[in-house]
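Undergrad: Okay, so the sequence shown: first residue is 1 according to the working numbering, each after it adds one.
In short, the hints are calculated from the structure, not lab data. Don't be surprised by glycine CBs; every beta carbon is placed ideally from N, CA and C. Treat the hints with care, since some could be wrong.
Here are the simulated lysine-lysine pairs, DSSO-like style, with alpha carbons at most 30 Å apart [stated by the list, open to error]:
#, residue 1, residue 2
1, K114, K29
2, K133, K13
3, K114, K57
4, K33, K133
Derived CB-CB ranges, DEER-like [unchecked claim]:
#, residue 1, residue 2, range
5, H165, G190, 20 to 30 Å
6, G131, E105, 22 to 32 Å
7, A135, E105, 22 to 32 Å
8, Q137, E105, 36 to 46 Å
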Amino acid sequence: MPYTVGLFPNMQKDRVRECLPHILSLLEKYGFKTLLPQSQAQDKALSYTVDETSALKQMDAGISLGGDGTFLQMARYLSPLKIPVFGVNFGKLGFLAETEMSAFETALQKLKNKNFQIEERSQLRACVIRGGKVAVQAHALNDMVVAKGHFSKLAHLELKINGMHSGIYAADGLIVATATGSTAYSLSAGGPMVHPSLDVSLITPICAHALYTRPLIIPGNNLIEITAVPPYEELLLSADGEIASAMAENDIIRIDKYPEPVRLIRLNGRSYYETWQQKLMRTCGNEGAK
């Protein structure tokens with residue numbers, strides 16, 4: 001029975017559209033059955049498209065073609081179904097991607113020969129409690145962000161951890177990140193880099209109006225609650241950079257560990273530290289770190 005992969009391409013990228021025929025040819029060459037959910041094939045009358053339900057029932061793995069945003073969307077979509085994933089980088093950084101297009105054929109050979117490992121990464125779940133009921137739910141591999149709207153003044157946010165008051169932050173917002181997400185928005189806001197194997201959550205203030213305010217690292221099974229306190233300002237909740245909900249005045253945001261991890265297909269044996277050096281240091285302009 002052939003190994004079945006689902007493709008999740010970012011069709012807005014010119015290079016993805018250019019490379020897609022070659023990618024399909026390579027998948028056929030190595031005996032893979034390829035599925036492209038119809039929602040991923042807008043304006044593409046392709047014979048290998050299938051409806052969502054059919055695709056998910058058949059899929060052994062998901063492959064994203066794009067940047068980290070494309071990968072995050074695919075990972076959130078497939079993780080509840082325990083379908084493993086890997087990314088082919090067509091973006092700038094591609095920190096979460098497993099391979100570049102130049103090495104895609106080698107990656108397929110390893111996948112065909114089952115020369116890979118599965119690495120589990122924790123996710124976060126956010127529930128917006130409104131009037132005592134769950135109004136919105138979302139999950140994220142990188143981070144949940146509670147932040148002020150575009151024209152709001154400073155937000156005032158109360159933080160509770162396991163029901164205990166842990167401070168009031170006057171800031172542009174709060175980032176709650178996984179260890180995987182420690183190299184994303186949290187890092188830009190002054191948070192630490194954390195090895196992704198650690199089961200922790202990071203709480204990083206965004207532009208806090210206090211000298212003593214510092215990021216926190218807490219156990220991954222802790223319950224985090226964030227509420228707005230007067231003076232109230234417009235607030236937005238986002239999951240992996242996508243707006244999940246606008247916040248009402250008395251909403252409570254509860255963030256805990258999502259029950260299903262993302263299952264990453266690891267093909268190249270590269271360590272986290274090598275990835276950090278090759279991608280993040282390169283992005284920072286430190287070309288001397290080989």
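Undergrad: Hint by hint, say whether it matches the structure.
TA: Hints, verified against the model:
1. K114 x K29: holds, 16 Å
2. K133 x K13: violated, 40 Å
3. K114 x K57: Judged against 30 Å, a Cα distance of about 21 Å means the pair holds.
4. K33 x K133: violated, 43 Å
5. H165 x G190: 20 to 30 Å: holds, 23 Å
6. G131 x E105: 22 to 32 Å: violated, 54 Å
7. A135 x E105: 22 to 32 Å: violated, 47 Å
8. Q137 x E105: 36 to 46 Å: holds, 40 Å
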